[in-house]
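In order, the protein sequences belong to chains A and F.
Just so we're aligned, residue 1 is where the first sequence starts under this note's numbering, counting upward by one.
Just so we're aligned, residue 1 is where the second sequence starts under this note's numbering, counting upward by one.
The set of hints was computed from the structure by calculation and includes no laboratory data.
Treat the hints loosely; a few may be bogus.
Distance condition first, Cα-Cα at most 20 Å in a straight line; then the derived EDC-like pairs of lysine to aspartate or glutamate [unchecked claim]:
(1) 15/F x 81/F
(2) 100/F x 59/F
(3) 61/A x 87/F
(4) 100/F x 69/F
(5) 100/F x 57/F
(6) 24/F x 38/A
(7) 49/A x 97/F
(8) 24/F x 97/F
(9) 61/A x 29/A
(10) 61/A x 62/F
(11) 20/A x 9/A
(12) 61/A x 31/A
(13) 61/A x 11/F
(14) 65/F x 9/A
(15) 49/A x 91/F
(16) 10/A x 38/A
(17) 40/A x 78/A
(18) 49/A x 87/F
(19) 49/A x 38/A
(20) 10/A x 25/A
(21) 100/F x 62/F
(22) 61/A x 9/A
(23) 59/A x 69/F
(24) 40/A x 65/A
(25) 15/F x 87/F
(26) 59/A x 7/A
(27) 10/A x 65/A
(28) 20/A x 43/A
(29) 24/F x 43/A
(30) 20/A x 65/A
(31) 16/F x 50/F
(32) 59/A x 78/A
(33) 59/A x 50/F
(34) 49/A x 59/F
(35) 49/A x 50/F
(36) 100/F x 81/F
Take a look at the letters that make up each chain.
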Amino acid sequence: MPMPITELEKLILTGLPGAKVNIEDLRGDGDHYAAHIEFKGFEGLSRVKQHQMVYATLKGKMGGELHALALQTSVPEEQ
Amino acid sequence: MTDTATFDRIDTIVKKDPVVLFMKGTPTFPQCGFSSTVAQVLAHLQVQYESYNVLEDAEIREGVKAYSDWPTIPQLYVGGEFVGGCDIIREMFESGELQKMVTQ
Numbered sequence: 001m002p003m004p005i006t007e008l009e010k011l012i013l014t015g016l017p018g019a020k021v022n023i024e025d026l027r028g029d030g031d032h033y034a035a036h037i038e039f040k041g042f043e044g045l046s047r048v049k050q051h052q053m054v055y056a057t058l059k060g061k062m063g064g065e066l067h068a069l070a071l072q073t074s075v076p077e078e079q
Numbered sequence: 001m002t003d004t005a006t007f008d009r010i011d012t013i014v015k016k017d018p019v020v021l022f023m024k025g026t027p028t029f030p031q032c033g034f035s036s037t038v039a040q041v042l043a044h045l046q047v048q049y050e051s052y053n054v055l056e057d058a059e060i061r062e063g064v065k066a067y068s069d070w071p072t073i074p075q076l077y078v079g080g081e082f083v084g085g086c087d088i089i090r091e092m093f094e095s096g097e098l099q100k101m102v103t104q
């Protein structure tokens with residue numbers, strides 16, 4: 001069962017409060033998304049750790065309900 | 001939860017060879033776009049690696065996700081350490097970081 005884009009965004013924002021999230025539905029099927037997430041809390045962490053933090057917000061739905069999530073993570077530049 | 005036997009099997013596999021790729025299918029017949037992308041990157045870098053077809057081993061397919069705390073396949077290991085899935089490998093390839101890592 002695919003995941004609506006609104007739910008995916010809500011899960012990520014709930015798990016990473018204050019993050020800037022940009023999600024694209026790659027195929028329009030609710031199963032293949034690309035997301036760019038900018039979050040202060042990623043600072044100093046490896047890419048693997050950053051992506052693991054995002055997967056943790058999805059509460060086990062990654063790989064099951066959600067087949068593909070192409071991830072790009074970054075830290076906001078100092079204002 | 002992964003039983004210790006599967007965990008130990010994975011531990012042995014990732015430490016036996018310098019570069020190990022858990023993928024869906026094989027390098028010549030990948031069964032998933034993401035797995036195929038990583039195999040192509042490694043072929044482009046002319047890296048010698050051991051590939052493991054998780055479609056033929058359900059225990060390893062689930063066990064490797066718990067082992068690395070990473071929910072998807074493919075998974076690339078270098079020097080026994082989990083490096084990343086498709087997105088990270090592509091980013092590291094584009095930045096030249098992957099080439100440095102696998103040729104050390």
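Structure-based check of each hint:
1. 15/F x 81/F: holds, 8 Å
2. 100/F x 59/F: Outside the cut-off at roughly 32 Å; violated.
3. 61/A x 87/F: Holds - the C-alpha atoms of residue 87/F and residue 61/A are around 18 Å apart, at most 20 Å.
4. 100/F x 69/F: violated, 25 Å
5. 100/F x 57/F: violated, 31 Å
6. 24/F x 38/A: violated, 30 Å
7. 49/A x 97/F: Satisfied, since the Cα-Cα distance of roughly 17 Å is no more than 20 Å.
8. 24/F x 97/F: violated, 24 Å
9. 61/A x 29/A: holds, 16 Å
10. 61/A x 62/F: holds, 14 Å
11. 20/A x 9/A: Given that 20 Å is the threshold and the Cα spacing comes to 10 Å, the pair holds.
12. 61/A x 31/A: Roughly 11 Å separates the two Cα atoms, so the pair holds.
13. 61/A x 11/F: violated, 26 Å
14. 65/F x 9/A: Outside the cut-off at roughly 23 Å; violated.
15. 49/A x 91/F: OK: residue 49/A and residue 91/F at ~15 Å, within 20 Å.
16. 10/A x 38/A: holds, 15 Å
17. 40/A x 78/A: Status holds; Cα separation ~10 Å.
18. 49/A x 87/F: Distance ~13 Å between residue 49/A and residue 87/F Cα, so the pair holds.
19. 49/A x 38/A: holds, 14 Å
20. 10/A x 25/A: Answer holds: residue 10/A to residue 25/A is near 15 Å, not above 20 Å.
21. 100/F x 62/F: violated, 30 Å
22. 61/A x 9/A: holds, 13 Å
23. 59/A x 69/F: Holds, at about 13 Å.
24. 40/A x 65/A: violated, 28 Å
25. 15/F x 87/F: violated, 23 Å
26. 59/A x 7/A: holds, 12 Å
27. 10/A x 65/A: holds, 15 Å
28. 20/A x 43/A: holds, 14 Å
29. 24/F x 43/A: violated, 32 Å
30. 20/A x 65/A: Given pair residue 20/A, residue 65/A is violated - Cα atoms ~23 Å apart, limit 20 Å.
31. 16/F x 50/F: holds, 9 Å
32. 59/A x 78/A: violated, 31 Å
33. 59/A x 50/F: Distance of about 31 Å is beyond 20 Å: violated.
34. 49/A x 59/F: violated, 25 Å
35. 49/A x 50/F: violated, 25 Å
36. 100/F x 81/F: At roughly 15 Å apart (the allowed maximum being 20 Å), residue 81/F and residue 100/F satisfy the hint.
In this structure, the earlier hints numbered 2, 4, 5, 6, 8, 13, 14, 21, 24, 25, 29, 30, 32, 33, 34 and 35 are contradicted, and the remaining ones agree with it.
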